[in-house]
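Going down the list, the sequences are from chains A and B.
Using the numbering used here, the final residue of the first sequence is 273, and nothing's skipped along the way.
Using the numbering used here, the final residue of the second sequence is 307, and nothing's skipped along the way.
Certain hints may be false.
What the hints assert, rightly or not - Derived DEER-like restraints, expressed as beta-carbon distance ranges:
(1) A:F243 / B:P295: 35 to 45 Å
(2) A:V269 / B:L291: 38 to 48 Å
(3) B:F289 / A:F188: 22 to 32 Å
(4) B:R266 / A:G207: 48 to 58 Å
(5) A:I265 / B:N76: 22 to 32 Å
(6) B:R74 / A:Q154: 57 to 67 Å
(7) B:V80 / A:F270: 25 to 35 Å
(8) A:V269 / B:L128: 32 to 42 Å
(9) B:L291 / A:E176: 21 to 31 Å
As the list claims (entries may be wrong) - If the Cβ cut is set under 7 Å, some of the chain B residues that face chain A in the computed set are:
(10) P6
(11) Q10
(12) V14
(13) L16
(14) L112
(15) V113
(16) F232
(17) V241
(18) I250
(19) V254
(20) L291
(21) F299
Unchecked claim - Here are a few chain B residues that sit away from chain A, every Cβ distance over 10 Å (derived from the structure):
(22) Y4
(23) E132
(24) R139
(25) L233
(26) L279
(27) G285
(28) S300
These are computed hints drawn from the structure, not numbers from a lab.
Bear in mind the structure is a predicted one, so any value in this text is a computation, not a measurement.
The beta carbon of each residue, even a glycine, is placed where N, CA and C say it ideally should be.
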Amino acid sequence: MNRCAARPVVGFAAARWARQPAIARYAPFVLRAVLAGALLVVEASGAAAEQLIADLSKHRVAITTGFTGDDVLLFGATEGPGDVVVVVRGPVGEAVVREKAQIAGIWVNRRLVRFTNVPEFYALASSAPLDKLVPPGVAARNEIGIANLRISPQSSLKPDQIAPFRAALFRNKAREGLYPTEVSQVDFRGPRLFRTTIHFPANVPTGSYEVRVYLIRDGRDVSVQSTPLYVNKIGVGADVSEFAHNYSVYYGLIAIAVAMLAGWIASAVFRRV
Amino acid sequence: MQIYLPIAEQSIDVILLLGVGGLVGVVSGLFGVGGGFLATPILIFLGISPAVAVATGATQVVASSVSGAMTQWRANHVDVKMGVVMLIGGFAGSSAGVIAFGILSRLGQIDLVITLSYVGFLGVTGALMLVESGLSLFRARRPGGAQPGRLHTHTWIHNLPFKMKFRRSKLYISAFVPLAVGVFSGLLSAIMGVGGGFIIVPAMIYLIGMPTVVAVGTSLFEVVFIAANVSFLQAVNNHTVDLVLALVLITGGVVGAQLGSRMGSRLRGAELRALLALLVIGVAGKLLFDLVVPPEDLFSLSAPVLP
């Protein structure tokens with residue numbers, strides 16, 4: 001039933017998409033204008049309408065040749081009191097966790113557990129400590145916190161044997177920086193306006209992300225809003241990667257040709273020197 | 001300055017990468033080897049996935065051996081007939097190797113197989129080279145110098161069927177011998193991302209009985225094509241050749257190789273070989289150490305299974 005409250009703002013995102021460079025240039029002004037507009041809408045429509053409105057400073061994280069990670073600003077306004085919890089989820093996929101065992105003195109991968117429905121990225125932000133703010137039932141229903149992720153193990157091992165694999169999955173993801181262990185702070189500016197920064201590390205997986213913003217009041221999730229975010233490769237890197245996957249035969253031939261040419265040019269140049 | 005590697009899907013410092021290419025180039029220029037045996041492990045140490053490191057290593061080997069092969073060709077040091085026979089085996093071996101690579105990746109054992117191959121081959125070759133160079137350094141100090149070895153020794157190898165005449169190598173031997181050496185070198189190239197010169201050249205000299213000069217020339221000729229085949233098959237089957245990574249490595253490599261060959265002319269052959277042997281043993285030792293020491297985390301996350 002809570003899902004009904006989630007309103008994807010795809011149309012809005014698409015409109016802003018077209019204005020991407022301008023947004024980047026005039027981000028502070030636009031931000032203020034959007035916030036002011038949002039407040040007007042909220043106030044005009046009264047208590048029956050949206051209790052929460054939020055948007056991102058950009059809906060696309062571009063992985064360029066010099067990409068070292070990126071920050072996206074999430075901002076919004078609430079109607080009435082309450083705290084804000086933000087959940088950022090990457091595209092879901094499969095993950096394989098392997099356990100090493102010692103065989104004849106060397107460490108070898110032995111047992112494995114395959115997990116499906118694993119978000120490739122998962123980050124949280126909150127305006128107050130999560131455990132005090134969100135009751136276990138609400139957290140479980142909305143998959144807030146890694147313990148509540150509904151990932152499914154595919155294994156013949158017993159549940160108590162799978163537990164360390166599950167823990168290892170989160171530990172390894174955290175080490176890669178894809179499941180940040182710290183919950184970021186959502187800052188309130190005044191009673192209604194809030195903002196937080198979502199950080200994406202350099203190794204962020206590509207795909208479509210979902211940013212869910214919850215308004216929590218008295219231990220209940222009274223409102224939720226979902227916003228899409230896309231992580232794409234842009235420029236030469238994107239072209240190379242796309243070509244390598246879609247035209248792998250030509251890519252292979254080009255790789256050989258480039259390598260041969262480079263070797264030949266090098267020897268020709270240095271023979272003259 | 002960071003550069004994003006589109007296939008490895010990670011950012012890495014471009015200066016560091018140029019340095020790695022340069023170091024590998026110095027080693028290859030200094031010792032006249034491809035340097036793949038150094039490039040692939042260093043890339044893995046730097047956090048590039050073994051699958052990408054091995055496949056891209058093969059692409060880099062194409063670049064680093066093509067100029068050498070052309071020089072050897074002009075000097076008429078290539079036994080084309082021998083090279084072609086080896087290549088037939090080499091194509092079969094490298095194709096089988098790339099397929100095995102894909103299967104081992106899916107089984108989660110490719111890292112282990114790569115590391116064990118490195119430890120085994122580098123350890124044995126390094127030890128042999130150290131002994132040989134030590135002996136020749138020792139002999140050089142004594143009057144009389146090195147003893148001339150016999151030109152030709154007959155073993156069971158020379159009794160195999162399908163004998164062929166190899167005029168450039170002045171040999172009349174079974175085609176199975178170069179074919180087998182080719183298969184073997186193809187497998188090495190696919191699994192380890194190396195040209196395999198450090199194994200093939202001794203095999204050609206001691207097993208086939210080719211003159212050293214022709215063995216070096218023919219091996220370079222063969223390595224270019226085998227590494228090209230491996231690059232191609234890795235790109236098509238496993239999508240693991242990172243051209244951006246390869247180009248940065250090659251750029252560092254060509255500069256390093258020039259430095260290396262200039263440094264090399266100041267050192268004696270036996271000293272050079274002893275140094276190379278120590279380097280090879282060092283790499284093998286480091287890899288063995290990593291296999292034996294308990295890992296920090298017993299559990300690891302595999303890269304998503306390739307379709």
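Verification of the supplied hints:
1. A:F243 / B:P295: 35 to 45 Å: holds, 36 Å
2. A:V269 / B:L291: 38 to 48 Å: Given range 38 to 48 Å: holds, Cβ gap about 41 Å.
3. B:F289 / A:F188: 22 to 32 Å: The hinted range 22 to 32 Å is violated for F289 (chain B) and F188 (chain A), with Cβ atoms some 53 Å apart.
4. B:R266 / A:G207: 48 to 58 Å: Between R266 (chain B) and G207 (chain A), where Cβ atoms are some 54 Å apart, the hint holds.
5. A:I265 / B:N76: 22 to 32 Å: At roughly 24 Å between Cβ atoms, N76 (chain B) and I265 (chain A) fall inside 22 to 32 Å, so the hint holds.
6. B:R74 / A:Q154: 57 to 67 Å: This hint holds: roughly 58 Å between Cβ atoms.
7. B:V80 / A:F270: 25 to 35 Å: At 26 Å between Cβs, range holds.
8. A:V269 / B:L128: 32 to 42 Å: Given a distance of about 36 Å, which is inside 32 to 42 Å, the answer is holds.
9. B:L291 / A:E176: 21 to 31 Å: Taking Cβ atoms as reference, L291 (chain B) and E176 (chain A) lie about 23 Å apart, which means the hint holds.
10. P6: holds, 4 Å
11. Q10: holds, 5 Å
12. V14: Because about 9 Å separates V14 (chain B) from the closest Cβ in chain A, which is outside the 7 Å limit, the hint is violated.
13. L16: violated, 14 Å
14. L112: Since chain A brings a Cβ to about 6 Å from L112 (chain B), closer than 7 Å, the hint holds.
15. V113: Hint on V113 (chain B): violated, closest Cβ of chain A at ~10 Å, above 7 Å.
16. F232: Holds. Min distance 4 Å.
17. V241: OK, holds: V241 (chain B) within 7 Å of chain A, min 5 Å.
18. I250: With a minimum Cβ separation of about 5 Å from chain A (threshold 7 Å), the hint on I250 (chain B) holds.
19. V254: Interface hint status for V254 (chain B): holds (4 Å vs cutoff 7 Å).
20. L291: holds, 4 Å
21. F299: holds, 3 Å
22. Y4: violated, 5 Å
23. E132: holds, 29 Å
24. R139: holds, 35 Å
25. L233: violated, 7 Å
26. L279: holds, 23 Å
27. G285: Since the minimum Cβ distance to chain A is about 14 Å, G285 (chain B) lies beyond 10 Å and the statement holds.
28. S300: violated, 6 Å
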